[in-house]
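Count the sequence shown with our numbering and you get residues 2 to 102, in order.
None of these hints come from the bench; they were simulated from the model. Using N, Cα and C, we set each Cβ at its ideal position, and we do this for glycine too. Careful, some of the hints might be misleading.
Ranges between beta-carbon positions, derived for each pair [as the list claims (entries may be wrong)]:
no.	residue 1	residue 2	range
1	Asp36	Glu75	25 to 33 Å
2	Ser30	Glu9	30 to 38 Å
3	Glu16	Pro53	27 to 35 Å
4	Asp12	Leu72	27 to 35 Å
5	Glu75	Asp50	29 to 37 Å
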Amino acid sequence: MDRNLAAELVDRLIEAGCDIRALGTVGYSLVDPLDDKEVSDRVHIILEDFGPRDHLFGDIIAYLNTIGRVLPLETSDADPLPQPTASGIRGRAFPQLASNC
């Protein structure tokens, strides 16, 4: 069975106390609490250990939508991601968008 790297990363971040949310189907945001250095340190270690994640951009957004961690955006020009399939979540990357994550 293939590993879902996007799900693994998101689940680890949530367990560490990071508030990660999809921004509709066009992006995602992660926030670690400024007033909790322990959580912030854990989140940064997870991100450093995981390494580059640009290639998982669409998969992270799709997984966050699947688990209900999404802030819906009202926009008429958004390009929606494909729906999850039985074989796993297959999202598309959006290279024209820069992630601040």
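Are any of the numbered hints broken by this structure? If so, which, sorted upward?
Hints 2, 3, 4 are the ones this structure does not satisfy, whereas the remaining hints hold.
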